[in-house]
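Visitor: Below, each chain spelled out in residue letters.
2 protein chains.
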Amino acid sequence: MIPNTNELHPGLSIDCVIFGFHENELKVLLLKPKNDDCWALPGGFVKTDQDVDTEAVRVLKNRTGLDDIFLKQFYLFGNVSRNKAGHVDKMIENGMIDESLREWFSQRFVTIGYYALVEYSQVKSPTPDDVSEDCQWKPLHDLPELWLDHYEILKRAHHDLKKALNDQPIGLNLLPELFSMPELQALYETVLEKELDRRNFRRKMLAYDILIQTDERRTGGAHKPPILYKFDKEKYHKAIENGLQSAW
Amino acid sequence: MIPNTNELHPGLSIDCVIFGFHENELKVLLLKPKNDDCWALPGGFVKTDQDVDTEAVRVLKNRTGLDDIFLKQFYLFGNVSRNKAGHVDKMIENGMIDESLREWFSQRFVTIGYYALVEYSQVKSPTPDDVSEDCQWKPLHDLPELWLDHYEILKRAHHDLKKALNDQPIGLNLLPELFSMPELQALYETVLEKELDRRNFRRKMLAYDILIQTDERRTGGAHKPPILYKFDKEKYHKAIENGLQSAW
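Chains as they are written, first to last, in the working numbering: chain A, 167 to 414; chain B, 167 to 414.
Hints may contain errors.
One copy or any two copies: either way a pair holds, since identical chains are not told apart in the list.
[Claimed, not checked] With a cut-off of at most 35 Å between alpha-carbon atoms, the simulated DSBU-like pairs for lysine-lysine come out as follows:
1. Lys390 x Lys238
2. Lys238 x Lys193
3. Lys396 x Lys256
4. Lys404 x Lys250
5. Lys401 x Lys198
6. Lys329 x Lys213
7. Lys396 x Lys250
Worth flagging that the hints you see were computed from the coordinates, not collected in a lab.
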């Protein structure tokens, strides 16, 4: 439900790009606003007595059931042009909101973009919000039409995520606790949308010094079972904070 | 002057951390609010008919006279606790603002942080705004007390700038058009606040492939004149956009 608009920070919204990874496929979680042809990013507003980052965590939790997920604030979208004339009329016509909310939705909004990357099989039942009729994972490369500037927000999130891999690790909460080097490489290839050289990948990843090699092997396959690794969580989190490169 | 508050986006402000580099020293441009003991970051509000990024450029230009400077939006500070009870009373007591602005300033504000790095000798006369009595460069390591959460904003900007050097070049607009490798290294050392190994620095910097070696030499010194470089601007800007590392 949209809370009492008197309790909300005016002109400020949140949009979350929730990337889902599963079996080497990248998808994004979208909502279908009631009676609309377009889909939309999950989002929300900011209560005046709540921290903005806390509200973003709440959006993620309400749609996915997940918390304790790394959610990155990546950009404030603040262009005047993102507020479209006629958009609120359409929301009212479609029965998404009633007339009493016209004034609230007709403000100029700036929106803070967040992105998260989750293992999407962990999201048992993606949950629509009160103004939506559906909530689904959609493949990044076969997206439906998105409303307002949500496609631009999504594209920028993916660009920022790819760029972040130059200097930050990913994998924690996405891979099983123990994983092989090919599994980690497949995750990177999926997010980066390109193939990587096996030996280079292994060399660089080991040089980052965030992996712990275990004595365990996965059994059952026909081939020689691969070495399994786990993340050194302390070093992993330090790399998130300060960057992977000790470039200088 | 503070514009008609009816024309401003409610509850939204901008704060700019303007780093200045000159002769291997890093400073930050601060304002002295009228009759206050603390100093503050240059900032402003967002007109409802203006893009947020445009307003940040205006703040930078009004304080420094500079435009066409790379200004990076780095974080939205959105915690409730940043709004201090009593702060507006003090502003009114000090004669910074009059009673008619009490309501405007008493809102909960979230603020968007931007940082810029400029060659500070290019800033001919740092200019206070209408609620300030002074505008000065202050050394990063000998800062006066800052008001509200401005010290936290400044610290985070510096952290982000240092981290950005893992994956982005700096130097354009900060160094003369032609510069030597030791001059570039000195810039990095100043921003990173640590000494770097000369040979490693040179090797890595050349590997980034953003420098053009020129045939010119600087004359006049007693020693062998160093090789002078300039930035390959196309590659430089591409590296800003996509990152320096072709890590993957």
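Visitor: Kindly indicate which numbered hints from before are broken by the structure, ordering the numbers from low to high.
Guide: 1, 3, 5 and 7
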